[in-house]
Structure formats: C-alpha cells, structure tokens
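Line by line, the protein sequences give chains A and B. Take the first sequence: its letters are residues 1 to 281, numbered as in my numbering. Take the second sequence: its letters are residues 1 to 281, numbered as in my numbering.
Among the hints, a few may not be true.
Which residues of chain B face chain A? A partial, calculated answer using Cβ under 8 Å [what the hints assert, rightly or not]:
| hint | residue |
| --- | --- |
| 1 | A40 |
| 2 | R41 |
| 3 | E50 |
| 4 | K140 |
| 5 | L157 |
| 6 | D159 |
| 7 | V161 |
| 8 | F162 |
| 9 | Q165 |
| 10 | I166 |
| 11 | H169 |
| 12 | S172 |
| 13 | L174 |
| 14 | N176 |
| 15 | D242 |
| 16 | E243 |
When the alpha-carbon atoms are kept at most 20 Å apart in a straight line, the in silico SDA-like pairs for lysine to any residue are as follows [to be verified]:
| hint | chain 1 | residue 1 | chain 2 | residue 2 |
| --- | --- | --- | --- | --- |
| 17 | B | K138 | B | S111 |
| 18 | B | K218 | B | Q87 |
| 19 | B | K164 | A | K246 |
| 20 | B | K138 | A | Q165 |
| 21 | A | K246 | B | K126 |
Residues from chain B shown here face chain A by an in silico Cβ test under 8 Å; the list is partial [claimed, not checked]:
| hint | residue |
| --- | --- |
| 22 | K47 |
| 23 | S48 |
| 24 | T51 |
| 25 | E155 |
| 26 | Q160 |
Hints in this document: simulated from the structure, not taken from any laboratory. Ideal Cβ positions, reconstructed from N, Cα and C, are used throughout, including at glycine.
Number of protein chains: 2
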Amino acid sequence: MMANSRPIGVFDSGVGGLTVLREIEQILPREDVVYLGDTARMPYGNKSPETIVRYTLEGASFLLDKNIKLLIVACHTASSYGIDILQEQLPIPVIGVIQPGFELLMQSTRSMRIAILGTEATIRSKVYQNLIEEHYPKAKIFPVPCPLFAPMIEEGLVDQVFTKQIVEHYLSCLRNKKIDAALLACTHYPLIRSLIQETLGENVQLIEPARVCAEQAKEWLVSSSLANFQSTPPRYEFFSTDETDKFKQKMEIFFPVRHVSVFLRDWKSVNNLKSCNQTFT
Amino acid sequence: MMANSRPIGVFDSGVGGLTVLREIEQILPREDVVYLGDTARMPYGNKSPETIVRYTLEGASFLLDKNIKLLIVACHTASSYGIDILQEQLPIPVIGVIQPGFELLMQSTRSMRIAILGTEATIRSKVYQNLIEEHYPKAKIFPVPCPLFAPMIEEGLVDQVFTKQIVEHYLSCLRNKKIDAALLACTHYPLIRSLIQETLGENVQLIEPARVCAEQAKEWLVSSSLANFQSTPPRYEFFSTDETDKFKQKMEIFFPVRHVSVFLRDWKSVNNLKSCNQTFT
Numbered sequence: 001m002m003a004n005s006r007p008i009g010v011f012d013s014g015v016g017g018l019t020v021l022r023e024i025e026q027i028l029p030r031e032d033v034v035y036l037g038d039t040a041r042m043p044y045g046n047k048s049p050e051t052i053v054r055y056t057l058e059g060a061s062f063l064l065d066k067n068i069k070l071l072i073v074a075c076h077t078a079s080s081y082g083i084d085i086l087q088e089q090l091p092i093p094v095i096g097v098i099q100p101g102f103e104l105l106m107q108s109t110r111s112m113r114i115a116i117l118g119t120e121a122t123i124r125s126k127v128y129q130n131l132i133e134e135h136y137p138k139a140k141i142f143p144v145p146c147p148l149f150a151p152m153i154e155e156g157l158v159d160q161v162f163t164k165q166i167v168e169h170y171l172s173c174l175r176n177k178k179i180d181a182a183l184l185a186c187t188h189y190p191l192i193r194s195l196i197q198e199t200l201g202e203n204v205q206l207i208e209p210a211r212v213c214a215e216q217a218k219e220w221l222v223s224s225s226l227a228n229f230q231s232t233p234p235r236y237e238f239f240s241t242d243e244t245d246k247f248k249q250k251m252e253i254f255f256p257v258r259h260v261s262v263f264l265r266d267w268k269s270v271n272n273l274k275s276c277n278q279t280f281t
Numbered sequence: 001m002m003a004n005s006r007p008i009g010v011f012d013s014g015v016g017g018l019t020v021l022r023e024i025e026q027i028l029p030r031e032d033v034v035y036l037g038d039t040a041r042m043p044y045g046n047k048s049p050e051t052i053v054r055y056t057l058e059g060a061s062f063l064l065d066k067n068i069k070l071l072i073v074a075c076h077t078a079s080s081y082g083i084d085i086l087q088e089q090l091p092i093p094v095i096g097v098i099q100p101g102f103e104l105l106m107q108s109t110r111s112m113r114i115a116i117l118g119t120e121a122t123i124r125s126k127v128y129q130n131l132i133e134e135h136y137p138k139a140k141i142f143p144v145p146c147p148l149f150a151p152m153i154e155e156g157l158v159d160q161v162f163t164k165q166i167v168e169h170y171l172s173c174l175r176n177k178k179i180d181a182a183l184l185a186c187t188h189y190p191l192i193r194s195l196i197q198e199t200l201g202e203n204v205q206l207i208e209p210a211r212v213c214a215e216q217a218k219e220w221l222v223s224s225s226l227a228n229f230q231s232t233p234p235r236y237e238f239f240s241t242d243e244t245d246k247f248k249q250k251m252e253i254f255f256p257v258r259h260v261s262v263f264l265r266d267w268k269s270v271n272n273l274k275s276c277n278q279t280f281t
C-alpha cells in the first residue's frame, strides 16, 4: 500500500464524531477513513480522567493497527485528557478538537467574553480555560457543563418541548454575561445548534471546531505529501465496540451517507476482535 | 471465616442498586455487603445484550472472589439478560429483580392491565412480558421504554420544570389505557416516584421490587442456615470500576449511610485490580 493511500483514523466515544466526519467528507473527499466509536463504554463525559485516558489509548491502538496515516480524535472529552499522551506516544500525527476549537473561538470573539459549553469531564479538565488564559489573559471565560445534552441528543430528543427547557436550564446562567461567542465543545451539540442560538441570542456566535479540524488534517496531508489522489470513491469503514445495529440507526441521524461505500463492524473488545462484514447502504 | 459470616454481594451498573441496598439494610441489618457498581461502563440500558451479559459476568466473577454467599443483581438491565446464565454458572444462589418484580406486580393488579417502565434494553429483552404472558395469558401489558430517565436521575435533575415534562413525554401514552399497576423496572425510578404517580394518577399502584428482593434473600439465608447473627455493626464495602469520588457524591443522594462502617474502593478493570482504602463517613 502506498503511504498516501493509507486511511485517516477517526476516534470518538460514540456516534458524535460523525459530525466531524461530515466535514472530512467535504474537505478531504478522496481520503479513506476508518472510524471507531466506543459505544460499549460511552458516554465518556461523566467518567474519570484516568478511565478516559485508558479508553482513548485503547481506541488509538486499535486504529493504529488499521495502518492509519493520521489520527483525528473527534471527542472533546477524549481530546481534553488524552491528546498530549497520544501526541507523545503515537508514531503518526494526532489532531484533536481542542486546538482548532480554541483558535476559531479566539478569532471570532471581539469582546473577549466567551462561553465554553461541554460535558462535565471536558469542563472539569480546564483544557480550554488554561489555553485561553495562557494566550489571552484578559479574556473573561464562562465554562458551562451541560451533562444531559449528549444523552438527550443520543436519544433523538432534539425537538421536544422540554428540549428547549433543558437548554435553558443549563444556559440561562449566561444571560447578562455579555458574551459574544460560545464554543460548542462537544460533537453532539451542533445537533441542537438552533435551540442554543435561540437561548443565547443572535449576537452570540456559535463556534464548531469540526471544520477547522478537517482543514488542519488537509494542511498536514498536503505538506507531508500524504494526500490521497484516488479517483475511485473513498472507502469508509466503521467499527463500534458495541453491536452495530444501534450505531447504524444513529448514524442515519448524524451522518446520512449517500455516495460512499461503507462497512460496519463490531469490535468486541481490545483483546477479542470479532468483525462482521456488513455493507451499509 | 464461618460460612454464615460471608458477605452478600450486590451488583449494579452504577449507583442505582443502592435503592436495593437500602432495603437490605432494613430487612437484613446484620449482613455484611460487598457492592460493585460498574460506573466506568454505565449505563447498561442502551447497550447490546451480548455486551450486557459480558459486563454482568465480569462483575459477578469479581464479587465471587470476595467470597460472597449470595449474589443480588440489582440492575434490571443486567438481570434481564444475565440472570439465567448466572444462575446456571455460579456456585452460589443468585437473586435478580425480575422474579420479585413480576410477582409483586401480579399480586397488585386487579384489572390485569399493567405497565412496565424500564430502560430500552430491559423493555427490548421482553423478560417481563414473556413471564407475564406465560403465567397470565389474559393480562394486557403496556411496556414503556424511558431512556432518558436514568441519565436525568444520575444528574440529580429530579425536581426541574422539565423533569415533569420528560416524565409526561414517556408516560402520556399510558393515558386512557386503564392500567391499575405499573412496575418501576429500573433501580433509578423510585427517585422520581412522586412525579410518575402524578402523571399516571392516584389509581395506579407503583411497584418496586427492591423490598421483595431483600425478603427473598432473607428467606434463602434463613432456610439455608446462612444468616449472619453478628452483634457488631455490619461492614459495607463498595467498589466502583471508575473513580470513587463521583460514586461517593451520588451515594449521598441514593443511600445516605449513617450508622455503618463503609469502605470505598476503585476497581480499575477485571485484570487490574487497584484498591484504595478510604473510609467513607
């Protein structure tokens, strides 16, 4: 296999990372992708740093065995705790969502009054807060953990009466804080973007790092001469640690695939790989 | 160690099983208990049968090594899929919540129009439905999966405006169904009991298997001459697969321990047991 024809690896705790894959499909349409969702142990957002790091390393190791040329960690929680260790230990480049999210957020704010919306673990990690304080000591940061957002979105409950109330429950603390930008620091949140916008008001820019993340990947691939120029449609291969049926259903919400060949497989456990060839149509 | 002084094992996917422990404390106040919550992989309710069975067997095996004389599987999802295998494979008696729940429900209904409220996996397992249909073919069963209840309760969101709406979202389908009893087939649900009661109306009896479960345990202990008669306060030992801090916080909601000595330990993984002695006060 030519070095440049190796796939890109995408790791996520579940299906949320498919919102990142959507951008990769747009920006890097000739790249093959191997995606791993750790659905048997998700969500990560309410687990401890040690456990999150262990799960992330196991996922990365599985993807490395698939001969990937670049790893994208789509999950903010996994990125928050695992990205440094991965960048240190892996023989390939690792792109997380933190740096792209941070850069886009700081490019977007004028008032330097900004909010970070994320899982409990992501907020508790202070990874965004520390980055911002280091580079922009005058910035005023409002971090908001929203623990029920991800499970609610996973259940498809995005347009109920109470969805708006749950959004308000978590975000009402931002009223009168005069923020002008808010980072959606969880891959699920773009799916309730309009409700978040409505609650925070039209003057607040909502920042999603997914696109910048895909652009960084493109930059690295081009500069390292590792971009794929295949003329055939790319191959997307999906692995989940739990059974694939539910993953497939949710995939239809997050990433309605139309024009690429997609394979879906079970990855039962780190030591016990069982795969079922199943074409996803 | 005398055979009767061995502890009772309680297994749950997380902290929900503490509602069962509360009944054990009442009904079997002299028994030592070892509790395992699989917090690093919870919730179970949205995972596949195969994964649930694997996790349950791993948890049971861990507790067996603690020299338990009896295993109580407090989690309905784990009981739904794992109880038969456990009863077949374990050298000690195994009590689940299904049979007690079923019996209490059928003793309580007069109209034979009944609802089962549970996680998606518990409802999908049809374990209650099959039991009822086998013994009471004329019963009319209304199974209702409520996937957001457990995460919402885990987050402590039990008295928000939207809590009632979420309860209504799932249970409004039971209006005009003329049920007279509903089984709370998840250890978390007792914590929103009053909202469920309000939504279903005063004529519907809400059934919790926890007490019957503890009574069955007592019955077996007495009939096997394995009851503990110690005069010292019982020893409660808690293990969680994720870090203990969050477990401890949630424990204060579910099971405010006052008069027993309690030890809290980390159980990092099946093959990698790390424990920290920490007295819980």
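- Query: At a threshold of 8 Å, is the proposed contact between B/A40 and chain A supported by beta-carbon distances?
  - Reply: 5 Å, holds
- Query: If you take the shortest Cβ to Cβ gap from B/V161 to chain A, is it below 8 Å?
  - Reply: Holds, because the Cβ-Cβ distance from B/V161 to chain A comes to roughly 6 Å (cut-off 8 Å).
- Query: Are B/K138 and A/Q165 close enough, with their CA atoms no more than 20 Å apart?
  - Reply: Not OK: B/K138 and A/Q165 at ~41 Å, beyond 20 Å, violated.
- Given B/Q160 as an interface hint, is the shortest Cβ-Cβ distance to chain A below 8 Å? 6 Å, holds
- Item | chain A contact restraint for B/F162 - C-beta distance below 8 Å | 4 Å, holds
- Message: Using the nearest Cβ pair, does B/K47 come within less than 8 Å of chain A?
- Response: 5 Å, holds
- Is the hint on B/I166 kept, meaning its closest Cβ partner in chain A is under 8 Å away? With Cβ-Cβ at 5 Å, under 8 Å, it holds.
- Item | Hint check, B/E155 versus chain A [nearest Cβ-Cβ separation less than 8 Å] | 5 Å, holds
- Query: If you take the shortest Cβ to Cβ gap from B/S48 to chain A, is it below 8 Å?
  - Reply: 4 Å, holds
- Message: Would the hint on B/Q165 be counted as holding, given a Cβ-Cβ threshold of 8 Å to chain A?
- Response: For B/Q165, the interface hint holds, since the closest Cβ of chain A sits about 4 Å away, which is under 8 Å.
- Query: Would the pair B/K164 and A/K246 pass a check requiring their Cα atoms to be no farther apart than 20 Å?
  - Reply: 28 Å, violated
- Does B/S172 meet its interface restraint, that is, does its C-beta lie within less than 8 Å of any C-beta in chain A? 12 Å, violated
The structure fails hints 4, 6, 12, 13, 14, 19 and 20 (numbered hints given earlier, in ascending order).
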